[in-house]
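The whole structure should be built from the sequences, with the hints applied where relevant.
Number of protein chains: 4
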Amino acid sequence: MEISPYLRRANYYETDQMSIVHHSNYFRYFEEARIEFMHAIGCDVKDMEKLGIIIPNVDAYAKYIKTIVFYKLMQIETKLVKFNGAKMVFEYIIKFADTNEVAATGHTTHCFVNNEHKPMSIKHTFPDIYNRLKENIKN
Amino acid sequence: MEISPYLRRANYYETDQMSIVHHSNYFRYFEEARIEFMHAIGCDVKDMEKLGIIIPNVDAYAKYIKTIVFYKLMQIETKLVKFNGAKMVFEYIIKFADTNEVAATGHTTHCFVNNEHKPMSIKHTFPDIYNRLKENIKN
Amino acid sequence: MEISPYLRRANYYETDQMSIVHHSNYFRYFEEARIEFMHAIGCDVKDMEKLGIIIPNVDAYAKYIKTIVFYKLMQIETKLVKFNGAKMVFEYIIKFADTNEVAATGHTTHCFVNNEHKPMSIKHTFPDIYNRLKENIKN
Amino acid sequence: MEISPYLRRANYYETDQMSIVHHSNYFRYFEEARIEFMHAIGCDVKDMEKLGIIIPNVDAYAKYIKTIVFYKLMQIETKLVKFNGAKMVFEYIIKFADTNEVAATGHTTHCFVNNEHKPMSIKHTFPDIYNRLKENIKN
Chain A
187 MEISPYLRRA
197 NYYETDQMSI
207 VHHSNYFRYF
217 EEARIEFMHA
227 IGCDVKDMEK
237 LGIIIPNVDA
247 YAKYIKTIVF
257 YKLMQIETKL
267 VKFNGAKMVF
277 EYIIKFADTN
287 EVAATGHTTH
297 CFVNNEHKPM
307 SIKHTFPDIY
317 NRLKENIKN
Chain B
187 MEISPYLRRA
197 NYYETDQMSI
207 VHHSNYFRYF
217 EEARIEFMHA
227 IGCDVKDMEK
237 LGIIIPNVDA
247 YAKYIKTIVF
257 YKLMQIETKL
267 VKFNGAKMVF
277 EYIIKFADTN
287 EVAATGHTTH
297 CFVNNEHKPM
307 SIKHTFPDIY
317 NRLKENIKN
Chain C
187 MEISPYLRRA
197 NYYETDQMSI
207 VHHSNYFRYF
217 EEARIEFMHA
227 IGCDVKDMEK
237 LGIIIPNVDA
247 YAKYIKTIVF
257 YKLMQIETKL
267 VKFNGAKMVF
277 EYIIKFADTN
287 EVAATGHTTH
297 CFVNNEHKPM
307 SIKHTFPDIY
317 NRLKENIKN
Chain D
187 MEISPYLRRA
197 NYYETDQMSI
207 VHHSNYFRYF
217 EEARIEFMHA
227 IGCDVKDMEK
237 LGIIIPNVDA
247 YAKYIKTIVF
257 YKLMQIETKL
267 VKFNGAKMVF
277 EYIIKFADTN
287 EVAATGHTTH
297 CFVNNEHKPM
307 SIKHTFPDIY
317 NRLKENIKN
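Residue numbers (this note's numbering), protein chains in the order written: chain A, 187 to 325; chain B, 187 to 325; chain C, 187 to 325; chain D, 187 to 325.
The hints are simulated quantities; they were obtained by calculation from the structure and are not laboratory data.
It does not matter which identical chain is used: a pair holds within one copy or between any two.
Keeping only pairs whose Cα atoms sit at most 20 Å apart, straight-line, the calculated SDA-like set for lysine to any residue is:
1) LYS232 / LYS273
2) LYS236 / LEU259
3) LYS258 / HIS303
4) LYS232 / GLU302
5) LYS258 / ILE227
6) LYS249 / LYS304
7) LYS268 / SER307
As the structure is a computational prediction, the values presented were derived from the model and not from experiment.
Listed below in structure tokens is the structure:
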């Protein structure tokens with residue numbers, strides 16, 4: 187399944203006094219892109235939380251290549267690179283929509299926890315979600 | 187009861203490309219100051235949430251008088267000006283700690299809701315909290 | 187000129203532990219909508235800053251009517267209600283895109299300052315921008 | 187020189203609907219701790235920017251070990267582990283102030299750029315700052 191990249195402008199309030207987007211906001215861009223990706227493959231995060239599947243971060247990394255300025259249109263590509271039922275890893279590329287240049291790359295690791303924040307595998311408890319994620323792994 | 191003002195530096199990530207603190211962050215400063223005020227008068231917000239008392243905003247206002255720059259130390263005065271068991275109104279003054287000049291003023295209105303987000307009065311259900319808040323109203 | 191409302195989903199990172207969008211973020215939504223409004227009427231904020239016109243907030247107000255939850259699609263209407271060359275006032279209505287119900291209203295006041303953060307009127311210095319703003323006032 | 191860890195409570199607005207601090211905020215905690223560290227060793231970030239030394243992020247990483255809840259007091263240890271005049275790397279440990287347990291670790295890489303955002307080495311242009319940073323490297 188081919189997932190469209192996520193489009194997004196840099197907001198004014200996301201800039202800092204360097205006149206560029208503050209580095210912490212890239213993790214928010216990654217999250218927005220990941221949530222749209224999950225939605226697109228039929229694993230809507232809102233619906234999963236209703237089923238009692240919470241997906242916290244285990245780690246997060248961003249590499250800042252070109253600075254992003256206010257109102258710049260970005261195109262964020264999200265790729266699920268690993269998933270085994272208990273953990274998953276996403277990779278991201280933020281490009282400038284006009285030039286296709288890479289502004290940043292990154293990855294995040296996530297686990298699955300229940301409402302009591304206990305780690306779990308969704309392999310046997312949620313086979314449909316498990317399968318949809320499995321089918322969308324790309325290396 | 188005399189409550190000490192809340193002290194707080196402006197963080198780098200709170201500035202925007204005007205090289206001043208972004209106006210939305212003042213509402214976060216107000217919240218920090220209000221939470222410390224509530225804690226100081228024995229109405230800890232964390233404890234109240236454990237009892238099933240949630241305190242959302244009904245409105246919020248800020249007036250920006252002098253711009254706040256990075257690393258500036260602020261002193262925030264919080265005053266509970268109205269409370270009737272169902273609603274409360276706070277007023278805030280943000281001053282520069284060094285000169286005592288007023289940087290901003292504001293107010294927020296809050297109601298009390300239960301875990302199902304239904305409005306409630308805490309007058310009869312939580313008389314201790316009710317009394318502590320009543321005693322700390324200043325006009 | 188009829189300006190389309192600004193469409194925007196509530197992001198995960200904008201929620202707080204009440205499981206609703208944190209009240210400070212509404213001012214960021216207002217800003218996004220205002221910047222799109224300015225762009226649509228030919229007064230692009232990025233271009234204005236390049237000309238040396240900075241537009242800080244003088245005040246900001248929000249009234250929270252219905253809580254906004256994660257991934258909810260909002261439609262934000264922006265109206266320029268006052269403008270005299272030195273100051274302007276915007277009003278906002280945040281509606282749920284599906285039901286058209288009002289989630290919040292608000293207003294912000296802005297002045298114009300130069301690169302040294304000195305207040306100025308743009309009436310004589312930037313007549314084109316002045317006229318475009320004048321033409322788009324609605325009461 | 188022994189630098190005290192940076193103390194900081196988790197704010198309400200930093201939580202998300204998982205009822206924990208949103209993972210993007212850890213990078214803001216790292217920044218606050220780094221800025222205090224720089225200040226403590228005599229390399230104040232505000233002063234450096236006045237001299238025309240801007241310190242953007244080259245990358246940033248966080249590992250989330252234990253979730254941080256609202257109002258929890260954290261103690262953040264910052265260590266400068268690499269510095270060569272052109273780049274520097276910091277490592278961070280976020281601990282709970284009461285139990286000393288590790289909540290998160292992370293690192294960030296930074297370069298030095300001038301006001302035109304051109305990379306530079308501060309070795310010869312700012313020998314005092316260079317020396318102070320050199321003296322505070324820990325491995």
